[in-house]
Every structure is written in C-alpha cells, then in structure tokens.
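Asker: These are the residues of each chain, in order.
There are 2 protein chains.
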Amino acid sequence: MEKHMNILIAHCEVEARNFLSKIESKKPLFICTIGNTETAKIPEISAAGKYPEITDYTPAADVELLFYGECKCIDGVPVTPDGIPTPALITRSALTLADIPVFVVSGGLRVKPYAPFIDLGGEPGEDIRTGRAVKNVEEVIRRAEVVGSNFSKAADYLVVGESVPGGTTTALGVLLAMGVDARLKVSSSMPVNPHSLKIRVVEEGLKAAGVEFGDLKSDPVGAIASVGDPMIAAFSGLVLGAASKVPVLMAGGTQMAAVLSVVRALRAEVLGNVAIGTTRWIIQDESSDIRGLVSQICDVPVLAANLNFSESEIEGLKAYERGVVKEGVGAGGASIAAFLKTGGKVSSKVLLREIEENYRKLIG
Amino acid sequence: MEKHMNILIAHCEVEARNFLSKIESKKPLFICTIGNTETAKIPEISAAGKYPEITDYTPAADVELLFYGECKCIDGVPVTPDGIPTPALITRSALTLADIPVFVVSGGLRVKPYAPFIDLGGEPGEDIRTGRAVKNVEEVIRRAEVVGSNFSKAADYLVVGESVPGGTTTALGVLLAMGVDARLKVSSSMPVNPHSLKIRVVEEGLKAAGVEFGDLKSDPVGAIASVGDPMIAAFSGLVLGAASKVPVLMAGGTQMAAVLSVVRALRAEVLGNVAIGTTRWIIQDESSDIRGLVSQICDVPVLAANLNFSESEIEGLKAYERGVVKEGVGAGGASIAAFLKTGGKVSSKVLLREIEENYRKLIG
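Chains X and H supply the protein sequences, listed in that same order.
For the first sequence, position 186 matches number 186 in our numbering, and the numbering has no gaps at all.
For the second sequence, position 109 matches number 109 in our numbering, and the numbering has no gaps at all.
So here's chain X without its partners, still in its complex pose (with noise of 0.2 Å):
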C-alpha cells in the first residue's frame, strides 16, 4: 500500500507506482484553480466559510494565502464555522518548503483576489438549483488549454489543485448528469456529510435543466453549464492542454472525479498521464467513496499524502483528525510534490511542523 512512508497508495497500484517513477525528484509547477458558485450560500452546505455568504471570499483568500503567506482580502484565514483553518495552510507551507512555483487560474469569480490570477474570460457560477449554472464553459475549458499547454514547457509535471466552496454538491451535480453512480460517495469539509441536502440540491437542479441521470454522458460541457461550477471548467481544460506532455497531478478529493469524467468524455486518451494525489483523511473517509467514484469513470491511481496532526498541540490541525476540511486548495497533491521533489527531505513530520508555526504566525 505505500511506496514510502510519506505517501499512499489507494488504488492502481501498479499504474501509481509507475506514475510516481516518472515524477520522482521532477520539477513540478503548482496551479490552483478557483471559482465561486452560489450553491455555497445554501445553508449547511459548506463548511468553507465562517458562515454562507463568507464563502464567496474562500477562494481569494486562500490563494492570497499560499502568495503572501497571509490573506488580504479578509482579516485572518478562511475557516470553517467551528474555527477548523483553511487547508490553504499545508499547501502554503509544501510549496515553500520545496520551493515550488505557483499560479493561479480563475474559472469565474465573484470575489477578486489581491493576487495575481490568470483570467480565463469566466464569470462566477449561479446556483446549480437553476438548472443554468455556468455561462461560458466551451471557452474557459479552451482557454484553459490554451495555459495547460504552456505550462506543459514549463515543468516537469503539473500539479493542479482548487479552490471552490460547495464543490462537491456541483461535482455531484456533473457527476449525475454525466452516468455515475456519486450519491452517497462525494465527500465533504464538514464532519458529518450532509448527502441527503447535496442530493435535493443537485435534483432540483437536474430537474430545472430538464436532465435525468446519465443523459449528459457525451456533453459534459452541458453537464458543467447545467449543474456544475466554474472551477471544472477551467481544472479540465489545464488537464486536457498539459496532459497529453507532462503527467499531471489533480490534487483534490471526490471532486476529482467530475473533472475525469469531463476530460474522459473530451479526450479520454491523456488520462494515461494522470492521477489524483489527495490526502489520507479522504482515502480513508467513510462517508465518501473516491475508489468507487474513480473506477467508475476511468482507472487512474489515487495517490494520499500521509499526513498525520494526531500529535499535534494545535487544536485546529488536530481537528482534521476528526474529519474536519479534509482537503483543498490542492492540500494532498502539493504535499505529494514537496515529498518528491526533495527527496523525502520534506517528510510529512517536517511539513507538519512548517504548517504548525505558520499557524501560530497566522492565528496565534
């Protein structure tokens, strides 16, 4: 199950290891992807955000986060209602321990960020109870190939994370609409996965469209401006311009999922060049299922970071222990690429200790 201490592999494993083989001490380049969708303001269903409306500020946060080291855009951090800190955090302090470049690519945004950002012509998602939830999706998904492509000449392989809050009631969403069986298996930030509420939601909204289960199956750019979000959009294009030249690693839970079936549907031979890097609180997840979405679609590996806050003094990070948060902004697969790139020098207890006194500058 594990190719060293340090990362997990939770499916494919033969096609994980020799995945890994090709990445090893490579030179990778981190993306985060954000977007905003009005499904976050449903009430109870997301946790990224102190409360519903503050979520439209989670995505410029944290990307000012993993820039600055701090958020401009609101005082402190993003963090769930009980106080849990955004996972912003790890990725933060992985790519700076590893010295790893970043970029950021905007499917659509409500909230802008004090942060450079690569602008893809998207607007932000409405709520997917509308059955019309993202305008624009052909040209984001090209443009975005379009930055794939060149960051494909631009490093060894590619990382690719996000930043979307209520993103896995949209992945749901896109999941359904496009033939798999994600009810009951998309995870969630908070504790307790509130599945009955994402599945109403993204009924209504499949029944607003006019859609029923599997009829997008060839037309995900449907699936996407029916039911899905922004972020999926632009995530897909970057896999499908960069993956057909470098491996890319799409560093996400269960949301991972919905951008698979997009680019199988779109292009299925680069998912050769591919795999999901996440983190052990959602491998390990029982109220999620990232295996049973995955092999659904298309066998790629799924590879975890081990992270482990159990021995930590920090209330905060210990929380994700719990199953708080979980994962984001690409938490799993930076760790991942931190690991890897210095050799195990940044192992998971060394990271654990950047992401502790980051959070003690940060929060105190």
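Calculated directly from the structure, the hints in this document are not laboratory data.
Honestly, I wouldn't trust all of these hints.
Since the list can't tell identical chains apart, any single copy or any two copies may satisfy a pair.
Here are the simulated BS3-like pairs of lysine-lysine, each with C-alpha atoms no more than 30 Å apart in a straight line [to be verified]: (1) Lys22 - Lys318; (2) Lys135 - Lys349; (3) Lys135 - Lys245; (4) Lys349 - Lys207; (5) Lys345 - Lys27; (6) Lys72 - Lys22; (7) Lys349 - Lys27; (8) Lys245 - Lys72; (9) Lys361 - Lys245; (10) Lys22 - Lys207; (11) Lys345 - Lys26.
Being a predicted model, the structure only gives us computed values, none of them experimental.
Chain X is already provided as a structure; the job is to place chain H on it using the hints.
Answerer: The following block gives chain H in isolation, referenced to the frame of chain X:
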C-alpha cells in the same frame, strides 16, 4: 560587433557576450506585457492601429495572434495606417518555431483579449496630459513581482516583451520625469518620428503633474503614476521579481529605457542579470538613440536580432526595412531566444520564411 550572424551586439560587448553565454541553449519562457493608455489616441502619436480609436484593440489582438496564430477581437491583424502588419507576426513565428512557452500579463486594459492573461488588478491608463496617467502603480508592480518570481522558478531565463500603443510617448514621460535626457531619443513605429508632438504631450503632462525634469528621479512609482503607462509598471515588477534569480531579456526598443530607469531606482542590483533584446531596425534607427538612453541609466547589454526583410517578396514585410514599426510585442527578443534555443537551426532566414508563410495565411 556580432556574436553570430543572427545576433548583433549593439552596446556593452563584454557584458553582452557574458549574458549570451548564460542563456545559450537554455530554456526561455516568453511573457508579453500589455496595457492601454488613452495617450495612444492623440492624433499622429501612434502607428499601432489603422486609426487612433482602434489602438484600444491592438494589445488584445497581438496576444491573440501569439496564442492562436490569428486575432479574435478584430478581423485580420493589427496594422499601421499604411497597412503594415504588427510585429506580433514575428514574435508568433519565432515562438512557435522554437516551441517557447508564452504567457500574457496585463498592466491594465481597455479591451481584454479573447485569450488567457494574468490580471494584476491594474486599470487602463489615462492620457498623460492629465498628469494622472496610471492608478494603483505600486500594487501592480508588487503583483507583477510575485509573477516574475514564480516564473523564474519555471524557466532558465525570461524574455519579456510588450504591446502598448502610444508606449514611446509614455516612456518619454517617465524618462524625463526621472531625469533621463530622452528628447529626440525615443523611437517611433512611424517612418517619420513625431518627436516634437511627443515632447509637447509629455511637457503638458509634466506641467499638469507639477513635475519638472528629474524631479521624480527617486520616485519611479510617481513617475509612472503621473506620465507613464500600465505596461511599464507591470514590466518593471516582472523584472524585479525574476532578475535576482534568472537572466531577463527585456524584449523591446527604447521603451525599455523607461523600465530600466524604474528598476534601477527600486533595486539597481538586479540589473547585472538583465539585457535588452531588440531588432536591427531599432539599433540602426537614426531618429532614435537606444544606446544614448541606456548609457544614461545603467550600462546593460543591448542585443539585436539581425532580421532582414529586404529580400522578402511581401511588400508589407519589406516596409520594415524603411523604418516602419521597427519593434514591438517582443519581436526582437523572441527572435534572439529562438535563435539561441535552437542552436541556430532557427536562423534569421528560416524565421523570415516562417513569417512570410504566416503572413500569407493571415493576410493572403
């Protein structure tokens, strides 16, 4: 005077050879920095567009050409009032022949491209005669610095070009405000350089800003804010962020002197890792004086792509030999990078054939 037949050394021969040895056969990354200024709409000041109002579209159209090989926001390609095509044709041809990755950074745009670009939160510039030309200069520089720093981790060296119609007039503004005697020394995209018009415009701007020659020698932010353009802010930030880590080839004509002056005032020590890369048409131009500008600021090497269109069968290209256009969109620097990356396989002649082919496809 020559490194090989393809590259001319126009200034600081020893440092130029040293700079060339650092970047030869290495992997470059090209960034086109774009912006708009209302200054371009002053009649007779810019040839970067068929008539003054259309210059708003030129930067967007130029970068669309770089990415797609064709423009999206206008029909055809940007041309001078005489119908001579944009130098983006040269840049596009060089970058594709040598497979060099390309990114776009916006300092502030009136017209956004149908293509991905890095947003720095800047706004389009005003007419410098107001004396309040650019907003938010410090923040644009700071964000560009972040971008330059991250790109420096993803390439062996950077080649940074620009597209901002009216840009030699705003460059003159910044140079005079900072105490560089640039009268009669900045170049023009027109065959007859309208020096007295440019000087009149700049003097009006300086007067409106309450600034006399050299008053802002130590205040580059103030100089840009008063009589500069958003491109200069973005470009300077990129150099500041990157040049402490990797060589930076500043790809442009006399406008590069304005950037040099800004960078010197903010962090002079990075200039040891910088050279200007331009075209033969600039270094042989009798109506401007790039050496006379550079030597007043900081003696960095000036290299020139030995492009020669005199044998071309295409009249629109032959016109470059009569001093129309001369430079822009990083044409000279991109050509130098293509020569060096391919070890001369892409030569000045090979490049001309590609430019002619692309010209025919686009303009027919």
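Asker: With reference to the structure, classify each hint as holding or not holding.
Answerer: Evaluated hints:
no., hint, in the structure
1, Lys22 - Lys318, "neither (33 Å within a copy, 48 Å between copies)"
2, Lys135 - Lys349, "neither (43 Å within a copy, 45 Å between copies)"
3, Lys135 - Lys245, "within (29 Å within a copy, 40 Å between copies)"
4, Lys349 - Lys207, "neither (48 Å within a copy, 61 Å between copies)"
5, Lys345 - Lys27, "both (15 Å within a copy, 27 Å between copies)"
6, Lys72 - Lys22, "neither (37 Å within a copy, 38 Å between copies)"
7, Lys349 - Lys27, "within (22 Å within a copy, 35 Å between copies)"
8, Lys245 - Lys72, "between (36 Å within a copy, 26 Å between copies)"
9, Lys361 - Lys245, "between (39 Å within a copy, 27 Å between copies)"
10, Lys22 - Lys207, "neither (44 Å within a copy, 61 Å between copies)"
11, Lys345 - Lys26, "both (14 Å within a copy, 28 Å between copies)"
Checked against the numbered hints given earlier, the structure breaks hints 1, 2, 4, 6 and 10 and satisfies all the rest.
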